[in-house]
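A.B. asks: Next come the chains, spelled out residue by residue.
Protein chains: 2
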Amino acid sequence: MRTSQYLLSTLKETPSDAEVISHQLMLRAGMIRKLASGLYNWLPTGLRVLKKIENIVREEMNNAGAVEVSMPVVQPAELWQESGRWEQYGPELCRLTDRHNRPFVLGPTHEEVITHLVRYEVSSYKQLPLNLYQIQTKFRDEVRPRFGIMRGREFLMKDAYSFHIDKASLVETYGKMHAAYCAAFSRMGLDFRPVQADTGSIGGTGSHEFQVLADSGEDLIAFSTGSDYAANIEMAEALAPAGERPAPTAALTQVATPDVHTIDEVCAFLKVDAKQVAKTLLVLGEADEAGEQPVIALVLRGDHELNEVKAEKQPGVAKPLTFANDAQIQAAAGCDAGSIGPKGLSCRVIVDRSAAHLADFVCGANLNGHHLTGANWDRDIQGYEVADLRNVVEGDPSPCGQGTLLLKRGIEVGHIFQLGTKYSEAMKATVLNEEGKATIMEMGCYGIGVSRLVAAAIEQNNDAAGIIWPDAIAPFEVAIIPMNMHKSHRVAELAERYYAELKAAGVDVLFDDRKERPGVMFADMELIGIPHAIVIGERGIDNGVVEYKSRRDGSKLEVAIDAIVAELVARLGR
Amino acid sequence: MRTSQYLLSTLKETPSDAEVISHQLMLRAGMIRKLASGLYNWLPTGLRVLKKIENIVREEMNNAGAVEVSMPVVQPAELWQESGRWEQYGPELCRLTDRHNRPFVLGPTHEEVITHLVRYEVSSYKQLPLNLYQIQTKFRDEVRPRFGIMRGREFLMKDAYSFHIDKASLVETYGKMHAAYCAAFSRMGLDFRPVQADTGSIGGTGSHEFQVLADSGEDLIAFSTGSDYAANIEMAEALAPAGERPAPTAALTQVATPDVHTIDEVCAFLKVDAKQVAKTLLVLGEADEAGEQPVIALVLRGDHELNEVKAEKQPGVAKPLTFANDAQIQAAAGCDAGSIGPKGLSCRVIVDRSAAHLADFVCGANLNGHHLTGANWDRDIQGYEVADLRNVVEGDPSPCGQGTLLLKRGIEVGHIFQLGTKYSEAMKATVLNEEGKATIMEMGCYGIGVSRLVAAAIEQNNDAAGIIWPDAIAPFEVAIIPMNMHKSHRVAELAERYYAELKAAGVDVLFDDRKERPGVMFADMELIGIPHAIVIGERGIDNGVVEYKSRRDGSKLEVAIDAIVAELVARLGR
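As they're listed, the protein sequences go chains W and B.
Residue 264 in the numbering used here sits at position 264 of the first sequence; the count goes up by one each step and never skips.
Residue 8 in the numbering used here sits at position 8 of the second sequence; the count goes up by one each step and never skips.
Think of the hints as simulated: they come from the structure by calculation, not from any bench.
Please note: incorrect hints may appear among the correct ones.
Since copy identity is lost for identical chains, a pair holds within one copy or between any two.
What the hints assert, rightly or not - Mimicking EDC-like on lysine to aspartate or glutamate, the simulated pairs with C-alpha atoms at most 16 Å apart in a straight line are: (1) Lys503 x Glu547; (2) Lys319 x Glu292; (3) Lys503 x Glu59; (4) Lys34 x Glu121; (5) Lys549 x Glu308; (6) Lys275 x Asp264; (7) Lys34 x Glu78; (8) Lys343 x Asp378; (9) Lys313 x Glu237.
Here the structure is a predicted model, which means the values were calculated and not measured.
Using the sequences and the accompanying hints, generate a full structural model.
C.D. replies: Here it is in structure tokens:
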């Protein structure tokens, strides 16, 4: 490609409304332009990267035995009514009506459509296992689209759905998808980790996220220092502290704590460490037959954070997790939120494993402006349950039994899931098994955020000058930068020759044939992040050389005029 | 691909709701499945064809210097309000609102979005010409989706938009697109014609449709027997008959024609040829300042058909063309529709060139149950205009001046258009010209119905057994059909060997490894339309041969076991 025939659209200034580096660089490098909130046009440079990622994903899916199909963006509402998600899905599901006033949705995902398709196309266990995928436009009406295409409303996704006669077959295909994802992200040159993930409302244990590590990531991942263990913090288990709980030594005492509401204020006022304080939160339980929702107390150590996913999973806790309001707190504890404590509450009390290991601790007295000191479980407070309720913190022992936990941030770019029979049962997707009996199929689903990968790769690969693409997903592999070619016949001729030879060798080349100062050309090629460059100048030609420049390490190399094309082809592994 | 790991989904029965052969065969060959009216899932076999067509289009667009981008399916309504199409576009434009109640549309086309993009990205004539394209999902809420994906609601389209400093540059790119379209459709192995097309409400003369010839086509195309001239019948000019109009010989006579309403009835009752009858239609004119729409009479020869596109183009005729209702006819002509005639009408009268060449003709008397015979222009009827109002018929002289016209049916698969400044003017898309003066850009637009091409190719390439794909767009190029391989070790081994060798040679192979009778396998491979097959049997192996079979001509050839792969590679031009 010649820049003179291309839409380069690079920007010198960093757009003020872009918060994360990938969003800033995608705008500056002329990769995307905003059309409306969460809706982006892909300019040529961005689309080239997107297509390369798409092709790697396609190849690895094909290698793993998945078969490509394509389903519509617009889906009839009936299928969503049949699966139950018409009611369950919130306003992220964009609903519309056609000219005949029939209801449709813009597909945020395709479980319903694929289950509908497969229930009619597959009738026998002999046709299984079957793994169908598509790479297709999705729409989710995010309440707050942000970070450019990282969390857009319209995006490109690879979604695969597998169908099985039994769980063992599902587990086998799940393993193949796990391997295919690792292969695809490795080929893209990304630093990523498969991590155990929460399975949400569906239950079961089979789910992994694929996280690209980056400080700007929205997800927090716990790693073991002693093994391969990695899990989303939503999922990472916090073990009970080692050893026996210390015996009580202090007497239970009620102390006045005027104007003390937060843990920090309690610690400052009573001069204790937050680790010696128990904080109590009230949430709502599931409604009883009369529709009444009881209150449930959750108790954590003062320095720990509630893990809402874990809390929501406790039997009897209302889903989604709902905190008690002021009136409900007053009714249950007789005080304001800042003074609740586990002693004397008549509701259910669930204590986090670490909080349950405390002795002689401080907690609210269920009386405004008062706390208890020297509190002890069993001696002072009885009738509580113990569970894992908190987020792990760095230094916690790893639940795998080896090493301790480290925390890193990640960007979720893939998610694989053993769905089981959630959709196949609701939509009656059965096949005849070997005995000729109708059997509900087991299903798996496997997603990759194709457009999000573009941003994730940039978060991992950039410097002050711009993007640094891994070869496999670079918009162009080689930049030809001829200095003052519009004045030098020799420079122009050599540039044209390299352009022709590299194209013939199947290399993606951007030939910067603009009438621009060398500085402008260098800045643009570095901003766009082209991994390899040939710089052609009069002086070099005099010496029989051109300059090779690596974007990643900035190294420069003088190469003989006739050797540079072979050098590049070798570097690119052609 | 092995059929055992594939979703073949062939059907024995022809689905009853499929009218055209391509729709029937796409369902039977397991290419598509209906999800809802006008919405289709693409099964693996269909998607493979679609992707091959998409890739040919992409390559030819790139070869012609167009640059690929991608724009969202969901577009903000403001842009459509700015261009004026928010009001102009009918219910085919699917409108929706997001969770914040902001209005959007599902893009049926992207003129607004691309013009919006380019007005911000391009500021100087130096960046022009620029030709941007995408291959992307479109949605048009057709009132009556039909013929499967031929006229679906969601479909895949290649749409390109070019931007220019002046008309000359537009004409040059238009020519390149014309050539690129010819190259693409030729590579697909299609029998097609570029034909002159109506430019609709935009005006100008620069528009061509690309029509795949097929009896099931919705469009009628006029060809010259003496030149390359080809035009959509909407556009093909009907010349005035040669020579002078004959002089009047008969006297004007009013005759009673009781119960005579249609041209056929007039001819039968008066024993005249329809060619000697003038029929008169009343349409509405443009509203005057008071909002009143005058009636305008259109007069055609009894054997000719009104061309509504030509009628609509007459100055003063209301757009869209609207026929007068019974009350308006009564008020203007004093009779019912079956008795209108040009004599004595007080409204404007426009006479088709052929009708204006009649002498001694029959026409309505503007009196119920009466006609005039021996009518003559000028002598009996004055104050009329003459224009081209009719559809051409076979045998008409070609408007190019050479030969006569033939009519054929076609399927429109592409349309190129010199848009001019319709959008760039409405949306203020300007660049600075060489003198530094803001200049509105000239635009062209160029569409290809990518998904429709799949159906069009089938309409042209099928027989009683199924589809016959041209090599370049076949879902698979070669079928390996091993007879009873589950019983014969030698057959299985040879099949596996060919499968590996052909894949290594880059050939798309479908290896039918099912436990099925040979008859079932032959029927499926022919239905799917794979152009080349290798049939492997025990008896052949005994003689050192396998059978090559051509899907297109049905020819069979015994080929030495070690020669067949080279034979196929050669046939495929690898």
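A.B. asks: Hint by hint, note whether the structure agrees.
C.D. replies: Status of each hint after checking the structure:
1. For the homomeric pair Lys503 and Glu547, neither the shortest alpha-carbon distance inside one copy (19 Å) nor that between copies (40 Å) is at most 16 Å.
2. In this assembly of identical chains, Lys319 and Glu292 lie within 16 Å of each other by CA distance solely inside one copy; the values are 14 Å within and 65 Å between copies.
3. Within a single copy, Lys503 and Glu59 get their C-alpha atoms only as close as 23 Å, which misses the 16 Å cut-off; across copies the closest is 14 Å, which meets it.
4. With identical chains, the CA atoms of Lys34 and Glu121 are at most 16 Å apart between copies only, with a shortest distance of 12 Å across copies and 40 Å within one.
5. Taking identical chains as interchangeable, the C-alpha atoms of Lys549 and Glu308 are never at most 16 Å apart, the minima being 50 Å within one chain and 65 Å between chains.
6. Within a single copy, Lys275 and Asp264 get their C-alpha atoms as close as 11 Å, which meets the 16 Å cut-off; across copies the closest is 101 Å, which misses it.
7. Proximity of Lys34 to Glu78 under the C-alpha cut-off of 16 Å is restricted to the inter-copy arrangement: shortest distance 14 Å between copies versus 33 Å within a copy.
8. When the C-alpha separation of Lys343 and Asp378 is checked against a cutoff of 16 Å, the pair qualifies only within one copy, where the shortest distance is 10 Å, while the shortest distance between copies is 112 Å.
9. Within a single copy, Lys313 and Glu237 get their C-alpha atoms as close as 13 Å, which meets the 16 Å cut-off; across copies the closest is 75 Å, which misses it.
The earlier numbered hints that this structure contradicts are 1 and 5.
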